[in-house]
Amino acid sequence: MKDNYQLVIIGGGPAGLAAATTAANQGVCCALLDEQPTLGGQIYRAIESIPKQRTQQLGDEYTRGKPLVTAFRESDTEYYPETKVWSLNKQREIGVLYKDEARIIQADQVIVASGAMERPIPFKGWTLPGVMQAGAGQILFKSAGVVPDNGVVLAGSGPLLLLLAWQYLHAGVDVKALLDVTPLSNHLLALPKLPKALLAHHYLTKGIGYQIELKRAGIPLLFGVSDLRAEGEGYLQKVSFKHFGKQKNIESELLLTHFGVIPHAWLTQSADCKHQWDDSQQCWRPEHDEWGNTSLDGIIVAGDGAGIHGARSAEHAGRLAGLEALFALGIISQTERNKQGIQDRKWMKDERYIRPFLEAYFKIPQSLLATADNDTIVCRCEEVTAGQIRDAVKKGHDNSNQVKFFTRCGMGSCQGRQCSNAVAHIVADEKGESVEKMGHFRGRPPVAPLTLDQLACLNKELI
Amino acid sequence: MNTDVLIVGGGLMGSSIALQLAMRGFKSIVLDKQSPGRHASGVNAGGLRQINRDPAEIPLTVEAAKMWRDIESLVDSDCDARFPGQIRVAENEADMQKLQQRVDLVRSLGYQHEEIIDKKELYQLVPALAPHCVGALICREDGYARPYHALTAFRLKAESLGVKYYSATEVNSLRQEGEGWEVRTSKGMFKSDVLVNCAGAWANNISTMLDEPVPLTPTALMLMVTERLPHFVAPVMGAASRKLSFKQMQNGTLIIGGALLAKLDFATEKTEIDWRKLAESAETVSHFFPQLKDVRIVRAWAGIESYMPDNIPVISASQSFKNAYHAFGFSAHGFQLSPIIGKIMASLIIDGKTDLPIEPFHISRFN
Ligand SMILES: Cc1cc2nc3c(=O)[nH]c(=O)nc-3n(C[C@H](O)[C@H](O)[C@H](O)COP(=O)(O)OP(=O)(O)OC[C@H]3O[C@@H](n4cnc5c(N)ncnc54)[C@H](O)[C@@H]3O)c2cc1C
Ligand SMILES: Cc1cc2nc3c(=O)[nH]c(=O)nc-3n(C[C@H](O)[C@H](O)[C@H](O)COP(=O)(O)OP(=O)(O)OC[C@H]3O[C@@H](n4cnc5c(N)ncnc54)[C@H](O)[C@@H]3O)c2cc1C
Chain A
110 MKDNYQLVII
120 GGGPAGLAAA
130 TTAANQGVCC
140 ALLDEQPTLG
150 GQIYRAIESI
160 PKQRTQQLGD
170 EYTRGKPLVT
180 AFRESDTEYY
190 PETKVWSLNK
200 QREIGVLYKD
210 EARIIQADQV
220 IVASGAMERP
230 IPFKGWTLPG
240 VMQAGAGQIL
250 FKSAGVVPDN
260 GVVLAGSGPL
270 LLLLAWQYLH
280 AGVDVKALLD
290 VTPLSNHLLA
300 LPKLPKALLA
310 HHYLTKGIGY
320 QIELKRAGIP
330 LLFGVSDLRA
340 EGEGYLQKVS
350 FKHFGKQKNI
360 ESELLLTHFG
370 VIPHAWLTQS
380 ADCKHQWDDS
390 QQCWRPEHDE
400 WGNTSLDGII
410 VAGDGAGIHG
420 ARSAEHAGRL
430 AGLEALFALG
440 IISQTERNKQ
450 GIQDRKWMKD
460 ERYIRPFLEA
470 YFKIPQSLLA
480 TADNDTIVCR
490 CEEVTAGQIR
500 DAVKKGHDNS
510 NQVKFFTRCG
520 MGSCQGRQCS
530 NAVAHIVADE
540 KGESVEKMGH
550 FRGRPPVAPL
560 TLDQLACLNK
570 ELI
Chain B
5 MNTDVLIVGG
15 GLMGSSIALQ
25 LAMRGFKSIV
35 LDKQSPGRHA
45 SGVNAGGLRQ
55 INRDPAEIPL
65 TVEAAKMWRD
75 IESLVDSDCD
85 ARFPGQIRVA
95 ENEADMQKLQ
105 QRVDLVRSLG
115 YQHEEIIDKK
125 ELYQLVPALA
135 PHCVGALICR
145 EDGYARPYHA
155 LTAFRLKAES
165 LGVKYYSATE
175 VNSLRQEGEG
185 WEVRTSKGMF
195 KSDVLVNCAG
205 AWANNISTML
215 DEPVPLTPTA
225 LMLMVTERLP
235 HFVAPVMGAA
245 SRKLSFKQMQ
255 NGTLIIGGAL
265 LAKLDFATEK
275 TEIDWRKLAE
285 SAETVSHFFP
295 QLKDVRIVRA
305 WAGIESYMPD
315 NIPVISASQS
325 FKNAYHAFGF
335 SAHGFQLSPI
345 IGKIMASLII
355 DGKTDLPIEP
365 FHISRFN
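Listed in order, the protein sequences are those of chains A and B. In terms of our numbering, the first sequence has 498 at position 389, counting the first letter as 1, and numbering is strictly consecutive. In terms of our numbering, the second sequence has 350 at position 346, counting the first letter as 1, and numbering is strictly consecutive.
Just chain A, with the same shape it has in the complex (with noise of 0.2 Å):
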């Protein structure tokens, strides 16, 4: 690994390869980061390696990105896998841990393609061993091939619930239940943006036939579920909710949730790049123009990492962000770039046209961003209740910072990764006030932790 690059990017999903195999084409020095060991991101992760079978069950939105990794492979990009980036600034000096040490590396340009990551919601029994992300579930069967063996209770909402118990189903998983808590209003809500959506059509076909497939093989959907709750002595034994009005359980000792996905702005948020609230994607993000770049100069961000579009839309965006990399370099030319970038501007939009309908179809209900129950642990590192964090409201404390300070929120080895959003809620919610107000916490480095000794590595080479 060099000191310096022209462009580094962070993260080898979608975006990060797109944008690195744009630019590398291109003749720039570039390197790409990732914490994990295989290319291709949350959604193609593993890709390379994968046995043939597993690739079919993971159905064909997969297999794009084979030519991907591909083009990636062939240009000149270095890849630095299994390297966790844990510290960006604003004069783009990038903390890296590479084989076991700290270093510090400097970019003229900085791509950050960190992706999603799920959106934790607290809700009643959420700690108990035995209740995992649906994406934890995911990850285990893309890069492992480990499926639960004892039966399954999938609960939450948004469409990648939908795909990882069509992705079961045909694992030969026993899913006993797929419980979906999006509210039913939310249908109405949705129904002015159906339209639009109908423009990528694709998408909704794909989720009636995933749905349609799932009922033939005797899964329960359930619609409209409510009061969801994990229940269990030490660990999960019985899921419990309402439905239609009516207290059900079902007995499982596994269950998976999802409540969509939010960008991972950690490392945009550490840099103190400005971030905004996106109502409709109920998340914050960082702020950037149609090139992505974001407040600080130097900093673009591309793919999921910016806001929610989806794995399409972010491999398009990619390569736009490249294009603004090469352009800011002053290796094309302003003309050179807009030309360059114009079928894929023109995809991305496409590929958009189904979001809003999506944001207020999945649109969580306020009953779970906020929960009511005070007794739910909010912050699981430090074992900080809802309860507590209301309490800190009452007792003068007016954002999420300070509540933060009192509670120790979010001061835990995750750094608030799941419980930062589900604070504001709560103090939002305490204060009868918009979650924007509330803020996020004030993002402080490192990204991700790292021991005494490899930070002690940083002044090696000094000596």
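Hints are computed from structural coordinates only; laboratory data are not their basis. Incorrect hints may have been included.
Derived pair list, reagent style DSSO-like, types lysine-lysine, alpha-carbon separation capped at 30 Å [unchecked claim]:
{"hint": "1", "chain 1": "B", "residue 1": "Lys267", "chain 2": "A", "residue 2": "Lys208"}
{"hint": "2", "chain 1": "A", "residue 1": "Lys503", "chain 2": "B", "residue 2": "Lys195"}
{"hint": "3", "chain 1": "B", "residue 1": "Lys161", "chain 2": "B", "residue 2": "Lys195"}
{"hint": "4", "chain 1": "A", "residue 1": "Lys199", "chain 2": "A", "residue 2": "Lys383"}
{"hint": "5", "chain 1": "B", "residue 1": "Lys102", "chain 2": "A", "residue 2": "Lys504"}
{"hint": "6", "chain 1": "B", "residue 1": "Lys161", "chain 2": "A", "residue 2": "Lys540"}
{"hint": "7", "chain 1": "A", "residue 1": "Lys504", "chain 2": "B", "residue 2": "Lys297"}
{"hint": "8", "chain 1": "A", "residue 1": "Lys383", "chain 2": "B", "residue 2": "Lys124"}
{"hint": "9", "chain 1": "B", "residue 1": "Lys247", "chain 2": "A", "residue 2": "Lys208"}
{"hint": "10", "chain 1": "B", "residue 1": "Lys281", "chain 2": "A", "residue 2": "Lys569"}
{"hint": "11", "chain 1": "B", "residue 1": "Lys267", "chain 2": "A", "residue 2": "Lys569"}
{"hint": "12", "chain 1": "B", "residue 1": "Lys31", "chain 2": "B", "residue 2": "Lys168"}
{"hint": "13", "chain 1": "B", "residue 1": "Lys247", "chain 2": "A", "residue 2": "Lys546"}
{"hint": "14", "chain 1": "B", "residue 1": "Lys102", "chain 2": "A", "residue 2": "Lys503"}
{"hint": "15", "chain 1": "B", "residue 1": "Lys102", "chain 2": "A", "residue 2": "Lys540"}
{"hint": "16", "chain 1": "B", "residue 1": "Lys168", "chain 2": "A", "residue 2": "Lys546"}
{"hint": "17", "chain 1": "A", "residue 1": "Lys546", "chain 2": "B", "residue 2": "Lys161"}
{"hint": "18", "chain 1": "A", "residue 1": "Lys285", "chain 2": "A", "residue 2": "Lys199"}
{"hint": "19", "chain 1": "B", "residue 1": "Lys124", "chain 2": "B", "residue 2": "Lys102"}
{"hint": "20", "chain 1": "B", "residue 1": "Lys31", "chain 2": "A", "residue 2": "Lys540"}
{"hint": "21", "chain 1": "B", "residue 1": "Lys124", "chain 2": "A", "residue 2": "Lys503"}
{"hint": "22", "chain 1": "A", "residue 1": "Lys208", "chain 2": "A", "residue 2": "Lys175"}
{"hint": "23", "chain 1": "B", "residue 1": "Lys281", "chain 2": "A", "residue 2": "Lys546"}
{"hint": "24", "chain 1": "B", "residue 1": "Lys102", "chain 2": "B", "residue 2": "Lys274"}
{"hint": "25", "chain 1": "A", "residue 1": "Lys383", "chain 2": "B", "residue 2": "Lys274"}
{"hint": "26", "chain 1": "B", "residue 1": "Lys168", "chain 2": "A", "residue 2": "Lys199"}
{"hint": "27", "chain 1": "A", "residue 1": "Lys504", "chain 2": "B", "residue 2": "Lys124"}
{"hint": "28", "chain 1": "A", "residue 1": "Lys302", "chain 2": "A", "residue 2": "Lys546"}
{"hint": "29", "chain 1": "A", "residue 1": "Lys383", "chain 2": "B", "residue 2": "Lys281"}
{"hint": "30", "chain 1": "B", "residue 1": "Lys191", "chain 2": "A", "residue 2": "Lys540"}
{"hint": "31", "chain 1": "A", "residue 1": "Lys504", "chain 2": "B", "residue 2": "Lys70"}
{"hint": "32", "chain 1": "B", "residue 1": "Lys161", "chain 2": "A", "residue 2": "Lys504"}
{"hint": "33", "chain 1": "A", "residue 1": "Lys503", "chain 2": "B", "residue 2": "Lys161"}
{"hint": "34", "chain 1": "B", "residue 1": "Lys297", "chain 2": "A", "residue 2": "Lys569"}
{"hint": "35", "chain 1": "A", "residue 1": "Lys569", "chain 2": "B", "residue 2": "Lys124"}
{"hint": "36", "chain 1": "A", "residue 1": "Lys540", "chain 2": "B", "residue 2": "Lys168"}
{"hint": "37", "chain 1": "A", "residue 1": "Lys161", "chain 2": "A", "residue 2": "Lys383"}
{"hint": "38", "chain 1": "B", "residue 1": "Lys31", "chain 2": "A", "residue 2": "Lys111"}
{"hint": "39", "chain 1": "B", "residue 1": "Lys247", "chain 2": "A", "residue 2": "Lys199"}
Since chain A is already given, all that's left is putting chain B with the ligands on it; use the hints.
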């Protein structure tokens, strides 16, 4: 808005002063341009340290230590204060001599709170320490508390006695009207009989408005904190000749400091962590506790503090105007002093004098 005393700055100093004034029947309003505890008072390392203080501060720090011991009777909360002592380790004979001189100095001033311990006692107190150390300076009464909790306890107690806090209220200009004050802020005009400058790193803005600018340097100090560990060290640890300051908090995390400076853009109040300096700190910690090398750092941050050239604060009446007072410039060790500063300032304001020797802290020393 009218009040007896208007306090600029809702940190610990402002809050402690407001509390003591309220206890003596005086009304006050505390203004903060952001929110109480947003700056040094909320993010500091929480060290309650008498050890190794400037001789001028010793009478104050000793009184403050007594107040911390019984802090619950003052603010209805123990502020999570603990008193396992603070240590400065000697690694060789030269270090030992340095520490002995320190003890001699403290004794010559008539104080007993700092003493030397030998190697045997050192390893009884800190068995986990690397084996090469030879002895230490100790102050057995020292310890730590949780800063934002302390600040909140002071604020809540003050509020319960009628003190009013205004957040997001920045003082923009001052005018003396008769013997009182008219203060323009981002949230309108406030009037008071007395004005107190507790504006921390921004205190020079206020003292400049009072025609007495001071050579104050706003400085960003870094700290880092680790994941939780089983308890392995009780006292707060320092070293005679290395930049080291660390303590294991009640919850098992280690707070590592040592007056390391971050980059600071004072105008925007943005700080940036200097990882190379923290790397040195990491190395120093591993030097004294090799078993910690694989412990994970989860967070680093910097807080903005006011430094004076002589590293001691300004605690005095204004020399230019009647009914104006200063308490700022605590140069990275104000947390421990805060309870006594409240008492001192309340006496200065109400009685025109205090029993403690505060002459060395007069603002006129910068004339
Ligand atoms: C758990 C999960 C599962 C998903 N599954 C699907 C799916 O099956 N189908 C689908 O259409 N969409 C899926 N999505 C949505 C999907 O993430 C996006 O649509 C798509 O992957 C976005 O591409 P991207 O390039 O923006 O980011 P990603 O594909 O997420 O790639 C981002 C990469 O950045 C790396 N990274 C992030 N931070 C750092 C750091 N600090 N240091 C080093 N590397 C870092 C990550 O390791 C990751 O490889 C999933 C999302 C999640 C969270
Ligand atoms: C990282 C760090 C570690 C430290 N560790 C220790 C320690 O271990 N032990 C110890 O004893 N001390 C420690 N200190 C020092 C201690 O925190 C400070 O000395 C003390 O908190 C100062 O309190 P204050 O009220 O004067 O300042 P602050 O807490 O900074 O409060 C000043 C307030 O004034 C407000 N203000 C400024 N200008 C205006 C204006 N024009 N209008 C309205 N409001 C205004 C600010 O917003 C601010 O909130 C440390 C400091 C730092 C930064």
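The hints, checked one at a time:
1. Lys267/B to Lys208/A: Distance of about 28 Å is within 30 Å: holds.
2. Lys503/A to Lys195/B: Roughly 29 Å between the alpha carbons, so the hint for Lys503/A and Lys195/B holds.
3. Lys161/B to Lys195/B: Distance of about 24 Å is within 30 Å: holds.
4. Lys199/A to Lys383/A: Judged against 30 Å, a Cα distance of about 12 Å means the pair holds.
5. Lys102/B to Lys504/A: 47 Å, violated
6. Lys161/B to Lys540/A: 22 Å, holds
7. Lys504/A to Lys297/B: 39 Å, violated
8. Lys383/A to Lys124/B: 55 Å, violated
9. Lys247/B to Lys208/A: Between Lys247/B and Lys208/A the Cα gap is close to 29 Å, so the pair holds against 30 Å.
10. Lys281/B to Lys569/A: 12 Å, holds
11. Lys267/B to Lys569/A: 22 Å, holds
12. Lys31/B to Lys168/B: 9 Å, holds
13. Lys247/B to Lys546/A: 40 Å, violated
14. Lys102/B to Lys503/A: 50 Å, violated
15. Lys102/B to Lys540/A: 55 Å, violated
16. Lys168/B to Lys546/A: Distance ~23 Å between Lys168/B and Lys546/A Cα, so the pair holds.
17. Lys546/A to Lys161/B: 27 Å, holds
18. Lys285/A to Lys199/A: Measuring from Cα to Cα gives roughly 49 Å; hence the hint is violated.
19. Lys124/B to Lys102/B: Holds - the C-alpha atoms of Lys102/B and Lys124/B are around 19 Å apart, at most 30 Å.
20. Lys31/B to Lys540/A: Holds, at about 28 Å.
21. Lys124/B to Lys503/A: Violated. Lys124/B to Lys503/A sits at ~50 Å, over the 30 Å cutoff.
22. Lys208/A to Lys175/A: Holds - the C-alpha atoms of Lys175/A and Lys208/A are around 27 Å apart, at most 30 Å.
23. Lys281/B to Lys546/A: This hinted pair is violated, its Cα atoms lying about 35 Å apart.
24. Lys102/B to Lys274/B: Since the Cα atoms of Lys102/B and Lys274/B sit roughly 38 Å apart, the hinted pair is violated (cutoff 30 Å).
25. Lys383/A to Lys274/B: Cα-Cα ~13 Å, so holds.
26. Lys168/B to Lys199/A: Violated, at roughly 39 Å.
27. Lys504/A to Lys124/B: 47 Å, violated
28. Lys302/A to Lys546/A: Status holds; Cα separation ~27 Å.
29. Lys383/A to Lys281/B: 27 Å, holds
30. Lys191/B to Lys540/A: With a Cα-Cα distance of about 21 Å, the restraint between Lys191/B and Lys540/A holds, given a limit of 30 Å.
31. Lys504/A to Lys70/B: Answer holds: Lys504/A to Lys70/B is near 28 Å, not above 30 Å.
32. Lys161/B to Lys504/A: 11 Å, holds
33. Lys503/A to Lys161/B: 15 Å, holds
34. Lys297/B to Lys569/A: Roughly 15 Å between the alpha carbons, so the hint for Lys297/B and Lys569/A holds.
35. Lys569/A to Lys124/B: The given pair, whose Cα atoms are some 34 Å apart, is violated under the 30 Å limit.
36. Lys540/A to Lys168/B: 20 Å, holds
37. Lys161/A to Lys383/A: 43 Å, violated
38. Lys31/B to Lys111/A: Roughly 62 Å between the alpha carbons, so the hint for Lys31/B and Lys111/A is violated.
39. Lys247/B to Lys199/A: Holds. Lys247/B to Lys199/A sits at ~28 Å (cutoff 30 Å).
Taken one by one, the earlier hints fail for this structure at numbers 5, 7, 8, 13, 14, 15, 18, 21, 23, 24, 26, 27, 35, 37 and 38, listed in ascending order.
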